[in-house]
Structure formats: structure tokens, C-alpha cells
Amino acid sequence: MIDLVSKIITSSPLTTMAQSASTQVTVETTMKAIGRPGFILIDNNIDPDTKKYAAAKEFLYQATCLLLYATLVVPLFKEGAFKLGPKLFKEHAKDFAKFKNANDYYRYRKYAEKPFESDRKHNNKINHLFNKELQTELKTKEEPELFNRIKGTIEAGNILGSVLGLAILAPQVSHVIIHPCLRALGMENKKHKPQNKIDTKA
Amino acid sequence: MCDKLGANTKPTYPVILIAAVKGICRPTFTMMDKTEKPETKKYTALREGLTELIAIPTYLACGELAAHLSKKIKFKNVPEDVKKSLTKRAARNFMFIGVCVAALFVIPGLCSIAIKPIMDKLLPNNKPKSPAENLDPQLILHNPLLKKPDMSTFTGKRLVKPVYNTQIRPQLKVGGV
Chain A
1 MIDLVSKIIT
11 SSPLTTMAQS
21 ASTQVTVETT
31 MKAIGRPGFI
41 LIDNNIDPDT
51 KKYAAAKEFL
61 YQATCLLLYA
71 TLVVPLFKEG
81 AFKLGPKLFK
91 EHAKDFAKFK
101 NANDYYRYRK
111 YAEKPFESDR
121 KHNNKINHLF
131 NKELQTELKT
141 KEEPELFNRI
151 KGTIEAGNIL
161 GSVLGLAILA
171 PQVSHVIIHP
181 CLRALGMENK
191 KHKPQNKIDT
201 KA
Chain B
1 MCDKLGANTK
11 PTYPVILIAA
21 VKGICRPTFT
31 MMDKTEKPET
41 KKYTALREGL
51 TELIAIPTYL
61 ACGELAAHLS
71 KKIKFKNVPE
81 DVKKSLTKRA
91 ARNFMFIGVC
101 VAALFVIPGL
111 CSIAIKPIMD
121 KLLPNNKPKS
131 PAENLDPQLI
141 LHNPLLKKPD
151 MSTFTGKRLV
161 KPVYNTQIRP
171 QLKVGGV
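Each protein sequence line maps, in turn, to chains A and B. Going by this note's numbering, the letters in the first sequence line up with residues 1 to 202, in that order. Going by this note's numbering, the letters in the second sequence line up with residues 1 to 177, in that order.
Next comes chain B alone, as it looks inside the complex:
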């Protein structure tokens, strides 16, 4: 194995192995996190697992497809044996470029297209909430900026007392500057 690896260290070997182990470990670590809500954990873990699941065949396909491009290169005025070794070298380098292209464009692109529909199908009731929905109800209750205006002054019988809430926009002070 070491002789083969030494003769040709394919770029697909480490990246696929990393993606495979990451695809198992990252979701496991996410599920072990006690600070997150169970729904969020499930969503994040599934998303991480899917990303690596997409990455593995993409690395393999991009690497192998790119390596095939070496056959298109034509070397002029080169002896046959040199041509063979140059084609071999070109195939290895093309494979490396293919893996880089996969990491830079293909995998993030595929993930942004495919993951959302898959997630919606797998977890239909667990769509991520918008930031406004994610706010803590306690925060809304106690935050003077998010409070509804007090309408008690319109009951008629109570003494109308003007309230100046200076906390709303602290940068605006009476008298300008």
C-alpha cells in the first residue's frame, strides 16, 4: 500500500477520507452539544452530514473527469516514451486541479442547490426560523424598544400623564446635539 501511495499520491485519497470521517464525526459532535435545542441540533447535524455526502462523489467525479483531460493535450516534437510520462504527469496535475475546482465551486454550488429541498423533504416541520422568530419571548417582553405603546391614557378617567421614553433613541437629546 505504501509503495503504491508513494508512486502516486492521488489528491482524491485524502479529501475523500476526510469528507467521510467528517460526515460521521461532525454530525455526532453536533448531536452531543447540550447547549443547543434538539430541533436545531437535528437540523444542523443532518445538514452537515448531507454536505459531506455530496462532497464525496463530487470529489471523485471531478478528479477523474479532470484527469481525462490529459488525453486531449498534444505534445509536439516529443519522443513517445517522454510523451507517455508527460501525459501521466498531466493526468495527476489535472486531477489535483479538478479536486480544487470541486472544493471551490462545484460542492458549495451543489450544496446550495440541493440541500434545501432535501432538508425540506426530510424534516418538513423543522424549517429554520427567521431571526425575528428566533427572538426570546422574554427579551420581547422586557425590551422597552419592542413594547407595544401603552394605551391606558385613552380610558378617559385616569389622569393623562405624558411619558417621555428617552431610552428609545438615546442619541437624540432635548435641545439638539
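Here chain A stands alone, though its shape is the one from the complex:
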């Protein structure tokens, strides 16, 4: 059992997930979307209608954040940072030029972190994915170059995008989206209009 836990906790996919700012923020927002409404619903000090309303509002807010983040922030800032990298760090421009885009770099890093003997030395997939220089790096060195500057640049872009997207853009967007959604769910009235019309059909 302990062996299984240690295997999971040191696994390569979990490390890749845990070391990417976009995955960290996505998972954290998903947890918030479950945790916050859940705790509102189990709170016994709140009126049931208010609980439902607050939980729905919180869930919709987090869902908007998640949607906005996945569709707009991640693609824009990840690629944006990768393209801006060579201009910011001119001495590392050659390193940036070795990769087509940010995803190409992450693919390389994924292989670079795998064990040399079993996963890299005789892996023919590497030949199709990377250029000659990177192929040699992966297939001949036990500890290939990781190009931490490239990763740092992409992650800094991701973090900046997360902050701008989730802390500044998302509250504005959610303000526009949430109220119509709550109205559609029947949890919010358009306006408290006096109901003095007599239903003559009844």
C-alpha cells in the first residue's frame, strides 16, 4: 500500500500536472467550484432559499472563470509568452528557435524527464517529433538540457494570464452572465414589479 502511494506520488504525469501553472489553476478552480457551493449548501445557519441562490451563484461564477480561463487565457498567454520569449531574452533566442511552439517544448520536456534507458535510448517516436539536435540530446544524454528559461517564460505568461483573467476579467464577464442564468433557473426575478394585474382567465 505504501509502495503504491509512493509510486503515485512520484509518478511522472502527476509531476507534469503539478508543475504547470495552467493545470494548477484549472484544478484549483474546479475544486473551488465544488467546494464553495458545497459548503454553502451544508451550512445550517442560512435560509434554504438563500443557500440555493448563493450556491448557484458561486458555482456559476467559478464555472465562468473556468470556461474563460480554458478558452481564452491559456491559449493566448501560453503562446504569447513563447513568442515574446526570444525578444525578451536575446541570449536564449537560439533555444527558443529549436521549438515550433509552446506545446512542442512541453512535449520535449516530457521526454527529457523520462528514464533514459527504458524510454528514450531506443525510442523511434523521438525521431518523428523533434529536430536532429533535440533527438541527439534525448537519445544520448542521461540528463538532457531542460531549457528552464523557456519553461519559466511560458509559466510566467500563464501566471500573468491567470491573474488578469481570473481576478480582473472574470468578475466583469460573470456579472453579465450570472444574472440571466439565475433568472433562467428561476432563482432571481427581473424586477420586483407590483403584481396588481388580475388574472381574469382563472
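Everything labelled a hint here was simulated from the structure, so no lab data went into it. Some hints here could point you the wrong way.
Sample of chain A residues at the chain B side, in silico, Cβ under 10 Å [claimed, not checked]:
| id | residue |
| --- | --- |
| 1 | MET17 |
| 2 | THR30 |
| 3 | GLY80 |
| 4 | LEU160 |
According to the in silico footprint, chain B covers these stretches of chain A (three or more CB under 8 Å from chain B) [unchecked claim]:
| id | region |
| --- | --- |
| 5 | 34-43 |
| 6 | 147-158 |
Note that beta-carbon positions come from the ideal geometry of N, C-alpha and C, so glycine has one too.
Position chain B relative to chain A; hints supplied.
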């Protein structure tokens, strides 16, 4: 900075930064909303600010505490250098799990326990009203369902005229179905 971030992107970095900026921006946006009442705005803004204020140290504490768990894992039949790198990897992954646990359980739990007493202390006269208290007086005045029964028929002199208010329960019609 980018080299350090590239070598180890701690999960606490983005979540703390987001919480800090959110803690400033969300209450500011709430206070700028012109459609809400000033009391409600103040209450909501303070609540939002407090939530993020609780979140920042909680993320940091949960992340660091979880990372310390990596020292408890014992790797058998592994060379010393591999053991070192595995412990490092485990610490990073534990930190990520710690942040997730904080977002899922610890922060919402702490907020539901701590925010209400703090709010009551900071804004003693500004407790949120119950839904019944929040109703518009105009709505109560004009709503036939919420009107008090008309007692004028008991004055004696006026002609007693039965009134059937069919609007009260429209689904019940005379004759059943």
C-alpha cells in the same frame, strides 16, 4: 526569475497571486456597482475581501505542510541520488495536492466558520436580511396574495357583498378540475 520558475513552478505561486489580486479587485468592482444598495455593497465587498484574505495564508500553509509529508515516504531498494530526486518530486506533488485540498475543503470550511462572526463584529448593524425582510414594500402593498383580508363587511351598516378572489389559487376552479 524565469530560470527559477522554470526549474520549479510551485503551485502556491499562481493561486496566491490570483487570491491577492482578487482580494483587491473583486471588492472594488462590487463597490463600483451602481445597481446595488450601499449597505449591500459594503457587506458583499467586505465578505469577498475577507474570503481572499483567509485564502492566502491557507494556501501557503497547506502547500508547505503537504510538501513536508514527502519526508515521511521511505523508498526501498533505491540508490541515494535517485532517492533524493524522488523525494524532491514527491514534495512538489504533495504541495499541489495540498493546494487542491485547501481549495476544496480548508478554505470554504474556514470561511463558513470565521466570516460570519468577523462580519458581525465589523458591521454589527449591517446583518443580511432574511428573504421576507428583503421584499419590496410596494410589492407587498399591491400583491393580492399578501394583502390583509378586508374587514369592512363587519362595520354593520354596509351591504354585505361576498367577494370571491379567484386569483389566490388559480388552479382551483369552481366545479373541480
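Status of each hint after checking the structure:
The beta carbon of MET17/A is positioned within 10 Å of a beta carbon in chain B (closest approach about 7 Å), and the interface hint is therefore held. Checking THR30/A against chain B: minimum C-beta separation of about 9 Å stays under 10 Å; hint holds. For GLY80/A, the interface hint is violated, since its Cβ never comes within 10 Å of a Cβ in chain B; the closest pair sits about 15 Å apart. Annotation: LEU160/A was flagged as interfacial toward chain B, and the flag holds, the nearest CB pair being 9 Å apart, inside 10 Å.
For the region 34-43 of chain A, the proposed coverage by chain B is satisfied: 7 residues have a C-beta within less than 8 Å of a C-beta in that chain, meeting the threshold of three. With 10 residues carrying a beta carbon less than 8 Å from a beta carbon of chain B, the region 147-158 of chain A meets the three-residue requirement, and the given coverage holds.
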